[in-house]
Amino acid sequence: MRRVAIIGCGQTKHGRRTDVNQAEMVSEAVWNAIDDAGIGIEDIEAFAVGNMQGFGGIAHPDLIFAEYIGAVGKPMQRVATGGTVGGSVAHLGYYMVASGMYDVVLATAWEKHSDSAEPGATTGLLHVAFANLSYMFKLGMDLRSFAIMGLAGAAAGISAYQAAQYLFRSGCKIEHYDMVAAKARRNAAKNKYAHLRWPNCKPEDIAKTEMLIWPMRFGHVCPASDGASAVIFASEDAVKKFGIKEVAWILSVAAFADEENDQGESYQGTGVLDYSEQIGCVLSAKKAYERAGIENPRKEVDMAEIYSPFPHQELMFSERLGFFDEGTAWKALEEGVTEIDGDFPITPSGGVNATNAIGSSGLQRVLECALQIMNKAEEHQVPKDVRIAVAHAWGGQTQFNTVTVLSDKPKRW
Amino acid sequence: MRVAIVGYSCLPMSRDIGLTREESVFLSTKMALESCNLTRSEIDTVVSASSDFYDGRTISNSMLIGALGAYLKDESKSEEDGLLAVIYAMQRILSGTHRIALVTAHTHSSIFNPHQISRYMLEPLFDRQNELLNDIVLSALQARTYMRKYDVSEEDMAYVAYKNLRNASKNSNSVLKVPDISVEEILASKVYAEPIRELMIAPTCDGVASVVLASEKVAYEITSDPIWIEGVGVSVGNYFRDRDLSKLESLQKAAKKAYAMAGISEPYQELDFAEITERFAHQELMIYEALGIAREGKGKNLLNNGTTWIDGEFPVNPSGGALSGDAICATGLYRLVEAIKQIRGEAENQISGVRRALVHSQWGLVAQKNVVLIVGGEV
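In order, the protein sequence lines correspond to chains A and B. Take the first sequence: its letter number 392 is residue 392 in this note's numbering, and every next letter is one higher. With the second sequence counted from 1, adding 1000 to any position gets you this note's numbering.
These are calculated hints, taken from the structure and not from any lab test. Hints may contain errors.
Unchecked claim - The list that follows gives simulated cross-link-like pairs (lysine-lysine, DSS-like), each with its CA atoms no further than 25 Å apart:
| # | chain 1 | residue 1 | chain 2 | residue 2 |
| --- | --- | --- | --- | --- |
| 1 | A | Lys411 | A | Lys245 |
| 2 | A | Lys173 | A | Lys331 |
| 3 | A | Lys287 | B | Lys1217 |
| 4 | A | Lys409 | A | Lys376 |
| 5 | B | Lys1257 | A | Lys241 |
| 6 | A | Lys411 | A | Lys190 |
| 7 | A | Lys411 | B | Lys1298 |
| 8 | A | Lys245 | A | Lys331 |
| 9 | B | Lys1298 | B | Lys1149 |
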């Protein structure tokens, strides 16, 4: 098996980026990564790309801007898996190098949500939704099914059910969700690339915001950001050839899919009922640790970047990823264990709750872990020594999870 | 290490397959596993290929996990042609992490017209505002550029369709079955965008196809007749506005890579036949040239002197090619499945004594991205 390292990271300022178009935005991240690695565009052999194309209103946008990112004449592979897409792009980049097919691969993922807000020019997502509705009618599905689908309310809608289920499962309170959201915004204030930055944000500030749908407050919901991330993967030979000193090694990847969660309309009659169970995440983590040779994640892993657009997910996934026993993450939160300067920092970048440019979000988790390992996270660098970090992404109909384990040292076989 | 194809399946392509996406993907997956006597538990990883825009729903793989047999398995989705999902699955095996992979690709064009989606592939602020542009119009521009430069006639284009549709009439997977069609009828079919006529356009349809891949180590435990992936090449070209439409440069590059990996220096001599994705008739001639089996501008000669016919020296598209049915994301896999059948001697329109084939697919407007696979049976 070939050893694979991250040799360069680049991202854009995330937020409402009306100053650039999709092509300009992605190339900003790509060229930042190339500069960070200190190599040339000619050294990149292949590209791994992905976003949720409907959100930006362009089908296969990477084809339009292949030239902007220096991909013309080179291999380019695209994946898309929902919220996990950035994590899936990282895994694609890893496998492209690990396979021995390429030595240096640039992975980039992005989203430009503000584009799909413009009617007329880019009505991609609407188009996608209507097409499926016409198909449902063709199959003879009735208006009741349509109404139930509408009530599901997309990602925030499903997540509200999940947040409620997790409350009962773990015994925590809504106040703990306020604490997680406040931590995310405080951490984001130290990250110059983040979207919602709120220095000294307190749980009480979040608690004052409107209850949208129980148990989710306005202050719990992630923004719809514009932004892009890029990461360069290289083989051990390439790391030596370029003489790059600061790298983060990939120890393992795993991405176990589950069936979609049943939103009142089961297509196959087998959907998952408890959205907070997340067996796919448990299995992904278990397999990733097994592949990385980790036996006790809480002791051997130093920090994690968890994909949590909604605060209950940070608590829930930190348990599913094996960092805390089931139903105890909120206790660790109360004790400050997961703060930037805590014993087990979780999402010191502010994470997806403060910045969510869908495609970018999953890849950013991997990128942030790499920065922490290379000691390049600047203001939000955690004080403790980071040797092993875990990057997580979540998506689909709450059914997909990607787990990536990174380290300061290559894996020993 | 090498990767082998050990199983395959495809459903007959259809204008309206009469099954949901879940049902048809499940059928194809099940048939592929049965074709090599594997069970779901023996599959390590699943890579599907579908596209949110063509599927008409966001996260197009989310409802398909059960149908793919991918639940509680290491899974991902390529959002482009199925051949790229094959390459991703191959990379997963070559990394040493997985041994056996399942690849399934589908598109149900009956949901709505894929040509309409081509408008969403246009750059939105300038090109999409021009309501005249779509994939057919752009291909007409490509055809005209190519025809003017190399003195290619509409009859030459019709002749491509004629050859492929004759082959298609013997292929039970094809959508367009017109065994008695004549060149005159093709030239008299409806004009969509000068010089592109109805029978020169790949007919979009519903289709699902699957293949099972295995590492060299386990391939022989599964089958005595593995098909080896000997070479792989992928290349993306410039967006259509910024490139010379009279040639397929990205395909030249993809082919060069695949030949190098397979150790091929004389493709015409060393390959036995090819299954290619010609979304429009003229593209088949351009593809001959880009693959290096015809000299620049001389693609029509291979067609006119019978070389690429089923009984010729280098048959191309014994299945009938994309002009016999185009299930978008699955089209590359239909080409691959035909190549496997030909090499194993299981094809309906069988060429005798073939061992090594080139499989091609394309993605994007006017063939912007190209993929080439070299596959071969035992030496």
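When you check the alpha-carbon spacing of Lys411(A) and Lys1298(B), does it fall within 25 Å? Not OK: Lys411(A) and Lys1298(B) at ~53 Å, beyond 25 Å, violated.
Below or equal to 25 Å on CA atoms is what counts here, so check Lys411(A) against Lys190(A). violated (32 Å)
Under the criterion that the straight-line Cα-Cα distance not exceed 25 Å, is the pair Lys1298(B), Lys1149(B) satisfied? holds (11 Å)
Is the Cα-Cα distance between Lys411(A) and Lys245(A) 25 Å or less? holds (17 Å)
Run the distance test for Lys245(A) versus Lys331(A): straight-line Cα separation, threshold 25 Å. This hinted pair is violated, its Cα atoms lying about 39 Å apart.
Are Lys287(A) and Lys1217(B) close enough, with their CA atoms no more than 25 Å apart? OK: Lys287(A) and Lys1217(B) at ~22 Å, within 25 Å.
Agreement of Lys1257(B) and Lys241(A) with the hint, judged by alpha carbon distance not exceeding 25 Å: Holds, at roughly 23 Å.
When you check the alpha-carbon spacing of Lys173(A) and Lys331(A), does it fall within 25 Å? Satisfied, since the Cα-Cα distance of roughly 11 Å is no more than 25 Å.
For a C-alpha distance cap of 25 Å, please report whether Lys409(A) and Lys376(A) respect it. holds (16 Å)
Hint violations for this structure: numbers 6, 7 and 8, all remaining hints satisfied.
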